[in-house]
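Please model the entire structure based on the sequences and the hints provided.
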Amino acid sequence: MALTEIAAPAPMGLTPPSRVQIARTKFLKYGFGSPLAAAVSVLVFALLAYILWRFVDWAVVHAVWSRDNVDQCGHGGACWAVIDARHRLILFGTYPFEEHWRSTLAAIAIVATVLLSCIPAMWQPARLAVLWVVGFAAYYLLMEGSLLGLQQVTTDGWGGLSLTLFLFAAVVLLGMPMGLGLALMRRSDMPVVKWFALIIIDTIRSLPLVTTLFTAAVVVPLFLPGWLDGDKIWRVILAFALFFACYQAEVFRGGFQAIPKGQVEAGKALGLGYWNIMGRIVLPQVFRHALPSTINMVVVTFKETAIVTIIGFFDILASGKTAFGTADWAPYYIEVYLFVAAIYWVFIYSLGQYGEYLKGRMALSER
Amino acid sequence: MHRVLAASAMVAASLMAPQIALAESATVKQIEERGTLLCSGHNGSYFGFVEVNDNNEWKGLDIDLCRALTTAILGDPDKNQIVPLSWAQRFPALQSGDVDVIIKATGWTMGRDTEQGLQFSLPYFFGGAQLMAHGDLGVTDVAGLEGGVICVEAGTTIERLVANYLSTEGIEHDMVSYESAAELRSAYLANRCDAFAAWGPFLAVLRATEIGDPDAHVILSDQLSAEPIAAAMRQGDEGFVDVVNWMLSALLIAEEEGVTSENVNDMAANPANPRVARLLGVEPGMGERLGLRDTWARDMIAAVGNFGEIYDRNLGKDSPYKLDRGLNNLWSHGGVLYAPILD
Numbered sequence: 001m002a003l004t005e006i007a008a009p010a011p012m013g014l015t016p017p018s019r020v021q022i023a024r025t026k027f028l029k030y031g032f033g034s035p036l037a038a039a040v041s042v043l044v045f046a047l048l049a050y051i052l053w054r055f056v057d058w059a060v061v062h063a064v065w066s067r068d069n070v071d072q073c074g075h076g077g078a079c080w081a082v083i084d085a086r087h088r089l090i091l092f093g094t095y096p097f098e099e100h101w102r103s104t105l106a107a108i109a110i111v112a113t114v115l116l117s118c119i120p121a122m123w124q125p126a127r128l129a130v131l132w133v134v135g136f137a138a139y140y141l142l143m144e145g146s147l148l149g150l151q152q153v154t155t156d157g158w159g160g161l162s163l164t165l166f167l168f169a170a171v172v173l174l175g176m177p178m179g180l181g182l183a184l185m186r187r188s189d190m191p192v193v194k195w196f197a198l199i200i201i202d203t204i205r206s207l208p209l210v211t212t213l214f215t216a217a218v219v220v221p222l223f224l225p226g227w228l229d230g231d232k233i234w235r236v237i238l239a240f241a242l243f244f245a246c247y248q249a250e251v252f253r254g255g256f257q258a259i260p261k262g263q264v265e266a267g268k269a270l271g272l273g274y275w276n277i278m279g280r281i282v283l284p285q286v287f288r289h290a291l292p293s294t295i296n297m298v299v300v301t302f303k304e305t306a307i308v309t310i311i312g313f314f315d316i317l318a319s320g321k322t323a324f325g326t327a328d329w330a331p332y333y334i335e336v337y338l339f340v341a342a343i344y345w346v347f348i349y350s351l352g353q354y355g356e357y358l359k360g361r362m363a364l365s366e367r
Numbered sequence: 001m002h003r004v005l006a007a008s009a010m011v012a013a014s015l016m017a018p019q020i021a022l023a024e025s026a027t028v029k030q031i032e033e034r035g036t037l038l039c040s041g042h043n044g045s046y047f048g049f050v051e052v053n054d055n056n057e058w059k060g061l062d063i064d065l066c067r068a069l070t071t072a073i074l075g076d077p078d079k080n081q082i083v084p085l086s087w088a089q090r091f092p093a094l095q096s097g098d099v100d101v102i103i104k105a106t107g108w109t110m111g112r113d114t115e116q117g118l119q120f121s122l123p124y125f126f127g128g129a130q131l132m133a134h135g136d137l138g139v140t141d142v143a144g145l146e147g148g149v150i151c152v153e154a155g156t157t158i159e160r161l162v163a164n165y166l167s168t169e170g171i172e173h174d175m176v177s178y179e180s181a182a183e184l185r186s187a188y189l190a191n192r193c194d195a196f197a198a199w200g201p202f203l204a205v206l207r208a209t210e211i212g213d214p215d216a217h218v219i220l221s222d223q224l225s226a227e228p229i230a231a232a233m234r235q236g237d238e239g240f241v242d243v244v245n246w247m248l249s250a251l252l253i254a255e256e257e258g259v260t261s262e263n264v265n266d267m268a269a270n271p272a273n274p275r276v277a278r279l280l281g282v283e284p285g286m287g288e289r290l291g292l293r294d295t296w297a298r299d300m301i302a303a304v305g306n307f308g309e310i311y312d313r314n315l316g317k318d319s320p321y322k323l324d325r326g327l328n329n330l331w332s333h334g335g336v337l338y339a340p341i342l343d
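Going down the list, the protein sequences come from chains F and B.
Under my numbering, the first residue of the first sequence carries the number 1, and numbering increases by one thereafter.
Under my numbering, the first residue of the second sequence carries the number 1, and numbering increases by one thereafter.
It cannot be assumed that every hint is accurate.
Which stretches of chain B does chain F cover? Using the computed rule of at least three CB atoms under 8 Å from a CB of chain F, they are [said to hold, decoys possible]:
| no. | segment |
| --- | --- |
| 1 | 76-88 |
| 2 | 124-131 |
The list that follows gives simulated cross-link-like pairs (lysine-lysine, DSBU-like), each with its CA atoms no further than 35 Å apart [as the list claims (entries may be wrong)]:
| no. | chain 1 | residue 1 | chain 2 | residue 2 |
| --- | --- | --- | --- | --- |
| 3 | B | LYS322 | F | LYS321 |
| 4 | F | LYS321 | B | LYS79 |
| 5 | F | LYS321 | F | LYS303 |
| 6 | B | LYS322 | B | LYS59 |
| 7 | B | LYS59 | F | LYS303 |
| 8 | F | LYS268 | B | LYS317 |
| 9 | F | LYS321 | B | LYS59 |
| 10 | F | LYS261 | F | LYS359 |
In short, the hints are calculated from the structure, not lab data.
Beta carbons are placed, not taken as given, at the ideal position from N, Cα and C, and that holds for glycine.
Right, here's the structure in full:
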């Protein structure tokens, strides 16, 4: 008896209203507070419901799902048969058909590398270095294949989601330390170092990404000796990472400027060296201040990887276009674009959510 | 010492010059050492010329020509690597050695031929401005459009070509210009134009892909222009140009003589005439002069078929595009394609 008495709910007036209750009250107050508001709300909701219903009707009810039924396509419903027939082209580009398991594993390796890099326990230079070397080596060995005794696939054959993820991860993971280095150099007391960083940052930032990548892919091999120019994909990743680093350096600079000079001076007064002041006082705060813009940069970079199509790489968007680039599938480009958009959304939304988590975590440390 | 060696090598080379002209080209040698021919692909799809099938394999007219060249040089149509290239990238990629040859719907222009240091093969395709009209008008040529409304994209070379052609032929018409290709297309589909003008293969692609009922539209037979499409190679390797030219010529000769991928072995066993015997390597002469095997053309036709088969499969009657051969037929069938003399 005594137990039930204790567990009994407290009187209503004492508990704070739940979020749902607040939302409902506000919804009723602002949405249906006056006859006009109610009329507008009903109209808007009816319109939204109609659009949603039309979409579901097209995308689900009247849709054709299997490539075997492709002859039923084109009668008012979505033709997902194009995805059924061409999804491997979208996901893997022109990678050899029988070897797709390798491309799948390689993509998983990259995603795992990125996920692990996101865990705070991994944030030590040595751990990150090992993780990245292992992750990228796994990707390269699987995709290229000849070192594992598998059929060799040169980088011309890499493509699709697998390539987009690799480009993104390589650019961000290489570009982030480069950006930090440039930002530190830019703040250096030594004029040579400072001006070097300034010139690089300002030059690269004043060139369009397309030009930078085109130069790296096409122009550089014309004057570099053959043994130095390597594969096109590495030149492109380096150039893209440098481009990312220059923008990221400016993001970090904003973070540096938010820190009062007194903190560095206090560190010096305590007899701390440069690396101690940077590592223990300045950088942790810089990262916190720079976080929102950094997440923004990372998201933009994920989408910008699509630009590599102009130098002949089959990123996921280019392979999507190729998927409807044949007379049989040409009418169903909307379905392909929606499929590609959904894939982009999953990755970019996850990145955004991770950013929110980081913000929450860093806000805790400020309390 | 080195100088003496170099000088004597040069003397020896000049003495042997007649034989060297017969020896294989540097590019062909490189391809043989590599075991792979590097061909140009596209960074996506270029309908009819470069596409990717459901098994992630390249296909199309240009891809088939690359496969033909691969078979001619290496004996196996699959020993090539298709390097995806954007339009802007193709010439630098050729110069830097990323590809051995560009077979990529590339027009033969003076600038490319001279300033850009390229060398072109015989044209293998002639694409030009053509008009497409609604099928229910019952017209088959431009003269039938007398008094009609003809739409073009504003400010393009095609606009000028159409205006010139119609005034030369004395055909009364109303010409309407649209700012973009998309507007032009929807105006035509909304019946605001009787006909509209664009690049011939583009019209065929449009008819096959974006129009509900392909049979309801006719591509008119008049060719308003003819831009030669040819394979492009680096300047300075005449031996390789010879190989590419004779690859294309052999495909045309095979079509003239009725040699197809199906009957090539029967024809080789029992050649109808000396020309076929020479073509298929039954009589020597085909291989040695190019630095290839005597049976290269036979292997090639067995692998990809003659020019007509390649055309029909990718752009013509056996493809979804159903683009008439038109100019791209043999000279003996009203087209402009011909092969040099096989002596």
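Results of checking the hints against the structure:
no.: 1; hint: 76-88; verdict: holds (count 7)
no.: 2; hint: 124-131; verdict: violated (count 0)
no.: 3; hint: LYS322/B with LYS321/F; verdict: 22 Å, holds
no.: 4; hint: LYS321/F with LYS79/B; verdict: 26 Å, holds
no.: 5; hint: LYS321/F with LYS303/F; verdict: 16 Å, holds
no.: 6; hint: LYS322/B with LYS59/B; verdict: 16 Å, holds
no.: 7; hint: LYS59/B with LYS303/F; verdict: 29 Å, holds
no.: 8; hint: LYS268/F with LYS317/B; verdict: 82 Å, violated
no.: 9; hint: LYS321/F with LYS59/B; verdict: 15 Å, holds
no.: 10; hint: LYS261/F with LYS359/F; verdict: 24 Å, holds
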